[in-house]
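Student: Just so you know, we're using my numbering here: the sequence shown kicks off at 239 and counts up by one.
Quick caveat, the hints were computed from the structure, so don't treat them as lab data.
Predicted model only: the values in this text are computed from it and were never measured.
For every residue, glycine included, the Cβ atom is placed at its ideal position computed from N, Cα and C.
Careful, some of the hints might be misleading.
Unchecked claim - DEER-style ranges, computed between Cβ atoms:
1. ILE348 / PRO284: 31 to 37 Å
2. LEU264 / VAL299: 21 to 27 Å
3. PHE241 / ALA449: 16 to 22 Å
4. TRP429 / LEU285: 46 to 52 Å
5. LEU344 / LEU385: 23 to 29 Å
6. ARG318 / ALA449: 23 to 29 Å
7. LEU385 / ARG286: 25 to 31 Å
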Amino acid sequence: ALFLAALCWGLAPVATRYLLAYFAPLQLVVLRFLIAIILFLPLLWPLRAHRWTVKKLAWAVFCGLTSVIGYNVTVTYGLRTIPAGVAGLLIASEPIWILLIAALVLRERISWIVLAGLLLALAGIVLLLGQETLGAAWNLATLIGVLLVLLAALMWSIYTVAVRSLSKELGARASTALTIMIGTLPLLAFWDGTTWPLLFHLSSVAWFALALLALGSTVVATILWNYGVARTASSQAGLYLYLVPLISVAGG
239 ALFLAALCWG
249 LAPVATRYLL
259 AYFAPLQLVV
269 LRFLIAIILF
279 LPLLWPLRAH
289 RWTVKKLAWA
299 VFCGLTSVIG
309 YNVTVTYGLR
319 TIPAGVAGLL
329 IASEPIWILL
339 IAALVLRERI
349 SWIVLAGLLL
359 ALAGIVLLLG
369 QETLGAAWNL
379 ATLIGVLLVL
389 LAALMWSIYT
399 VAVRSLSKEL
409 GARASTALTI
419 MIGTLPLLAF
429 WDGTTWPLLF
439 HLSSVAWFAL
449 ALLALGSTVV
459 ATILWNYGVA
469 RTASSQAGLY
479 LYLVPLISVA
489 GG
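Could you build the full structure based on these sequences and the hints that come with them?
Tutor: This is the structure in structure tokens:
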């Protein structure tokens with residue numbers, strides 16, 4: 239499940255890059271998650287008889303906001319001012335954040351082989367993306383972009399650790415549907431009425447890219463990720479994120 243989630247997320251930047259020829263960044267984010275919540279609606283049916291407490295509902299809201307607003311919106315704005323290689327290097331810090339949060343909050347023991355794998359994979363990312371990072375033109379806008387992408391990486395790491403309890407109790411499908419839908423609600427305020435007419439001008443390849451982004455990356459991959467995270471240590475699950483840039487390069 240974790241491998242398939244990484245595969246979908248690795249192809250997401252390829253689809254996003256293609257679709258940005260048709261949509262503005264925020265238009266694409268809102269459209270992507272609007273389609274996702276429509277697809278998620280049937281998955282909420284098992285929750286109709288669930289007994290909710292204020293604490294549990296607040297936790298679901300927290301997970302939803304860190305996933306959609308904290309990560310997806312923040313990283314979209316951060317990507318506007320920094321090169322893709324710099325963004326990739328910063329996003330590659332997610333497994334490190336996950337490891338630290340799991341160790342501090344969940345008291346997970348970090349084995350030497352997990353730590354060695356993390357450092358080896360990070361070295362590979364530096365070799366892959368380091369040249370573009372060194373060649374970037376640094377200014378205030380670039381620095382703000384770096385901080386936004388780094389914040390986004392931290393937010394996704396927090397979501398990965400926080401959603402484990404919901405996934406174990408509600409199941410991966412229901413917990414993913416619930417948190418993504420909650421996180422998407424604030425985005426609907428930014429809906430642009432000019433988005434619908436743009437859909438009529440999409441090519442067949444663009445429709446495939448949109449399906450890959452909304453269905454594959456947002457719905458299927460997040461369900462698979464939450465399923466895998468609930469059944470393994472957070473620090474070990476985080477290592478699968480290092481497959482994402484490799485798949486992105488191959489897909490590109």
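Student: So which of the earlier hints does this model not fit?
Tutor: Checked against the structure, the hints that fail are numbers 4 and 7, while the rest are satisfied.
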